[in-house]
Amino acid sequence: MLEDRLLKWKFRRGSREALARIYEKYLDSMLTLAAGLLNDAGQAQDVVHDVFVSFAKSAPGFRLRGSLSGYLATSVVNRVRDYQRRRYRARRVGLAPPENVTVTPDDAVIFTEQAGRLSEVIAELPEEQREVVLLRLTADMKFRDIAELQQVSINTVQGRYRYGLDRLRSMLNGEVDK
Amino acid sequence: MKPKKKVEETIRDKLRFIAGPTLRDRLLTDVMNAREESNEMRPAVHGLDVRRRIMRNPIVKLTSVAAVIAVAAVSIVFWGRFSTPAYAIEQTVEALQNVRFLHIIGRDDTGEINDERWIEIGEDGYQVRYRQQNPPSVIKEHPDAPSMVIEDGESTAVYRQEKKAVILYDRKEMQYQWVGQLGKAFDNLLQEGKILQENSEYQGRPGVSIANR
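First to last, the protein sequences are chains Y and A. Sequential numbering of the first sequence, starting at 8, is according to the numbering used here. Sequential numbering of the second sequence, starting at 40, is according to the numbering used here.
Hints are supplied without guarantee of correctness; some may be wrong.
Unchecked claim - Sample of chain Y residues with no beta-carbon within 12 Å of chain A, all distances over it, derived:
1) 23
2) 35
3) 90
4) 91
5) 93
6) 119
7) 135
8) 145
9) 158
10) 159
11) 160
12) 163
13) 172
14) 177
Unchecked claim - Examples of chain A residues toward chain Y, derived with CB under 10 Å:
15) 43
16) 59
17) 67
18) 74
19) 155
20) 159
21) 161
22) 172
23) 175
24) 176
25) 205
26) 206
27) 207
28) 209
Just so you know, these hints were derived from the structure itself, not from any lab. The beta carbon of each residue, even a glycine, is placed where N, CA and C say it ideally should be.
Okay, chain Y solo, but in the shape it has when bound (with noise of 0.2 Å):
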């Protein structure tokens, strides 16, 4: 937290390693968090990319009194929810882009089977509930600062993740056990 918040300061002046090292920290937490959000892995890259790229670029003006880890994540969300429209959109005018793209190990998103299978159960929650769950688990994100996101009440975000993990659970028959 102590180093998060030198960071912050770093960055606001300006300082290319802070944001290398923000980079650095936060990249594979927002992938995943991208990640369980899509269940795909290749537009999570493209999410996170931009997620990225625009926080490097508000440098100059950039106040942040919450969380860095935070303020990312809501980012991924928003950014994800824009991706998802965009999708939807393109879909129906059948514009999707093309599903496999070949690209190198190196140059991939790298995952383990277990964590392709959490992803896929994870999406067939309803949207809420997969915000809440990923928040509060892959981005340490406190119930407040969901509620804030979502624009409901802290017990409403507190019920989503409740009804989540039921869901999960069920849902994963056993399979958290092995």
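Based on the hints, put chain A in the right spot on chain Y.
Frame of chain Y; chain A shown alone:
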């Protein structure tokens, strides 16, 4: 372990997507390029009108007839409503662009202090820390006014003497902030200011070592 806890633990531990080395480098290059482009296009800092300090609190409405401004290397006193032209302020304005510490004292017509503030300014010209102290006469006139406010950039501590309490606010809820260019502020004081004293000894508050916290 409870099933829900197990689900939480599984997602925390097992749901992990990692960027491959080439992807990681490629993204970092894009991010750094975006930063460079942004720096090249950086606009000038907005000017500051000393009469329009941006503070989201009724206290902002308290007017200061006079102000004492102490800075890191130079201390200058501006005394309001003097008709004599300001001494050397024109030359000082430019030099004060890099001021990091301000101590502002407001006085009423009788010379009694009615407003006192300490402001630390970052290298970008924006406020880093802020402290404001209101004397009893102000609190008597404005019962809602706190006796003291300290803002450290993350939270705002408001001291309520009548309640013998300190209330901590998130900055989203309560802000005391001075923004803008100091040079412009001094420019605005030019018409009614006068140097009464200089203090070359004042060095500001010593920095806090993060490592020793």
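Hints and how they fare:
Chain A draws residue 23 of chain Y into its interface by the beta-carbon criterion, the shortest separation being 7 Å against a cut-off of 12 Å. The claim that residue 35 of chain Y lies off the interface is violated: its Cβ sits roughly 5 Å from the closest Cβ of chain A, which falls inside the 12 Å cut-off. Under the 12 Å C-beta cut-off, the non-interface status given to residue 90 of chain Y relative to chain A holds; the minimum distance is some 16 Å. Residue placement check: residue 91 of chain Y keeps its beta carbon more than 12 Å from all beta carbons of chain A (closest about 18 Å).
For residue 93 of chain Y, the requirement that its beta carbon stay farther than 12 Å from each beta carbon of chain A is met, with the minimum near 20 Å. The claim that residue 119 of chain Y lies off the interface is violated: its Cβ sits roughly 7 Å from the closest Cβ of chain A, which falls inside the 12 Å cut-off. The Cβ of residue 135 of chain Y lies farther than 12 Å from every Cβ of chain A, with a closest approach of about 17 Å, so its non-interface assignment holds. The beta carbon of residue 145 of chain Y sits about 7 Å from the closest Cβ of chain A, which is not more than 12 Å, so the claim that it is off the interface is violated.
Under the 12 Å C-beta cut-off, the non-interface status given to residue 158 of chain Y relative to chain A holds; the minimum distance is some 15 Å. Listed as a non-interface residue, residue 159 of chain Y keeps its Cβ farther than 12 Å from every Cβ of chain A; the least gap is roughly 18 Å. In this structure residue 160 of chain Y is separated from chain A by more than 12 Å, as the shortest Cβ-Cβ distance comes to about 17 Å. Residue 163 of chain Y, annotated as away from the interface, keeps every beta carbon of chain A farther than 12 Å; the closest lies near 18 Å.
The claim that residue 172 of chain Y is not at the interface with chain A is violated, since a C-beta of that chain comes within 12 Å of its own (minimum 5 Å). At roughly 9 Å from the closest C-beta of chain A, the C-beta of residue 177 of chain Y falls inside 12 Å, breaking its exclusion from the interface. Here the hint on residue 43 of chain A is kept, as its CB sits about 5 Å from the closest CB of chain Y, short of 10 Å. For residue 59 of chain A, the interface hint holds, since its Cβ comes within 10 Å of a Cβ in chain Y; the closest pair sits about 4 Å apart.
Checking residue 67 of chain A against chain Y: minimum C-beta separation of about 6 Å stays under 10 Å; hint holds. Taking 10 Å as the C-beta contact cut-off toward chain Y, the hint placing residue 74 of chain A at the interface holds, the least distance being around 4 Å. The interface hint given for residue 155 of chain A is violated, since its Cβ lies 25 Å from the closest Cβ of chain Y, which is over the 10 Å cut-off. Taken as an interface hint, residue 159 of chain A does not check out: its beta carbon lies about 12 Å from the nearest beta carbon of chain Y, beyond 10 Å.
At its closest, the beta carbon of residue 161 of chain A sits 7 Å from a beta carbon of chain Y; the interface hint therefore holds under the 10 Å criterion. Hint on residue 172 of chain A is violated. Least Cβ distance to chain Y is approximately 23 Å, over the 10 Å limit. With a least beta-carbon distance of about 31 Å to chain Y, the hint placing residue 175 of chain A at the interface is violated under the 10 Å criterion. For residue 176 of chain A, the interface hint is violated, since its Cβ never comes within 10 Å of a Cβ in chain Y; the closest pair sits about 33 Å apart.
Interface restraint check: residue 205 of chain A against chain Y, minimum CB-CB distance 19 Å, threshold 10 Å, status violated. A distance limit of 10 Å between C-beta atoms decides the matter here; for residue 206 of chain A the minimum to chain Y is near 17 Å, and the interface restraint is violated. With a cut of 10 Å, the hint placing residue 207 of chain A at the interface with chain Y is violated, because the nearest CB-to-CB distance is about 13 Å. With a cut of 10 Å, the hint placing residue 209 of chain A at the interface with chain Y holds, because the nearest CB-to-CB distance is about 7 Å.
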